[in-house]
Amino acid sequence: MNLAIKLRRNLRRLVILLATFCMVSVLVSAYYLYSGSPAQELELSDRAAELDCADLKLLPYRLAEAKTAKPMDPSRKEPVVLVFVESQYSQLGQDIIAVLESNRFQYRAEIAPGKGDIPPLTHKGRGRYALVIYENMMKYVNMDSWNRDLLDKYCTEYSVGVVGFHRATESAPPLAKLRGFPLYLRSNLGLRDCCVNPRRRCTSPGPRPTACPLPGDDWTAFHSNHSTYEPVLMAKPRQTGEPAA
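Okay, so the sequence shown: first residue is 1 according to UniProt numbering, each after it adds one.
Think of the hints as simulated: they come from the structure by calculation, not from any bench. Every residue, glycine too, gets a C-beta built ideally from N, C-alpha and C. There may be inaccurate statements among the hints.
In silico BS3-like links for lysine-lysine, alpha-carbon gap of 25 Å or less [claimed, not checked]:
#	residue 1	residue 2
1	K177	K153
2	K124	K153
3	K139	K177
4	K153	K139
5	K236	K177
The following label-pair restraints were derived from C-beta to C-beta distances [what the hints assert, rightly or not]:
#	residue 1	residue 2	range
6	V163	H226	15 to 21 Å
7	P79	V232	20 to 26 Å
8	R148	R126	21 to 27 Å
9	R167	P198	27 to 33 Å
10	H226	Q88	32 to 38 Å
11	G114	Q239	36 to 42 Å
12	S102	S145	34 to 40 Å
13	S227	G114	29 to 35 Å
14	N147	D217	32 to 38 Å
15	L175	D152	23 to 29 Å
Starting from the given sequences, assemble the full structure and let the hints guide the process.
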């Protein structure tokens, strides 16, 4: 009888120890897999910033091989741009609309909803918009989960891109994590040697644009070490005391 009780106790302890070990292993694995520290991310980003556009193979990012883009069916969506502005009179919003008008793009301007509903995105199986632009990218980041899910599913289903603008203030922290994304923002930077990633070009076919200087000291750079992110435009940080363009 005593032997049976001892065996039962030892078995219970063994099960508890194994469960504890498994739990610790899962937590440690999740930590290293999903939560790189800002310092580590920044170190990798700084290494990448010192490379030229021709040195993409040396980037610390695990770049995916270039994939053939799936053909888009223009009949599935209207050639209209949906623009979310901060207000009817915001300067950046007016600048965005002026660019669209000068290039004869059809657009629809909407006040970016705080927690309200977004306008209908489809009509009788057709997408209403071919591109979505946010004057303030944080309005997209901070959308409620319901509307954010609707917009993300629409963009995936109809091959629609989202363009967001971020304007940092003078009091903005030099390094901040974008909530819900494996992205870090570095604000109020001076940049130089801006160039287009030849593997992810957003320009028309032709000779690759050469590196160019960027005026001002209030640029915001995005950094990520996630395998599904790759830069479209790249630039190097301007050294302290280096004159602006």
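Going down the list of hints, with the structure as the test:
| no. | hint | verdict |
| --- | --- | --- |
| 1 | K177 / K153 | 24 Å, holds |
| 2 | K124 / K153 | 17 Å, holds |
| 3 | K139 / K177 | 15 Å, holds |
| 4 | K153 / K139 | 17 Å, holds |
| 5 | K236 / K177 | 20 Å, holds |
| 6 | V163 / H226: 15 to 21 Å | 20 Å, holds |
| 7 | P79 / V232: 20 to 26 Å | 22 Å, holds |
| 8 | R148 / R126: 21 to 27 Å | 22 Å, holds |
| 9 | R167 / P198: 27 to 33 Å | 29 Å, holds |
| 10 | H226 / Q88: 32 to 38 Å | 37 Å, holds |
| 11 | G114 / Q239: 36 to 42 Å | 40 Å, holds |
| 12 | S102 / S145: 34 to 40 Å | 37 Å, holds |
| 13 | S227 / G114: 29 to 35 Å | 33 Å, holds |
| 14 | N147 / D217: 32 to 38 Å | 35 Å, holds |
| 15 | L175 / D152: 23 to 29 Å | 26 Å, holds |
Checked against the numbered hints listed earlier, the structure breaks none of them; every hint is satisfied.
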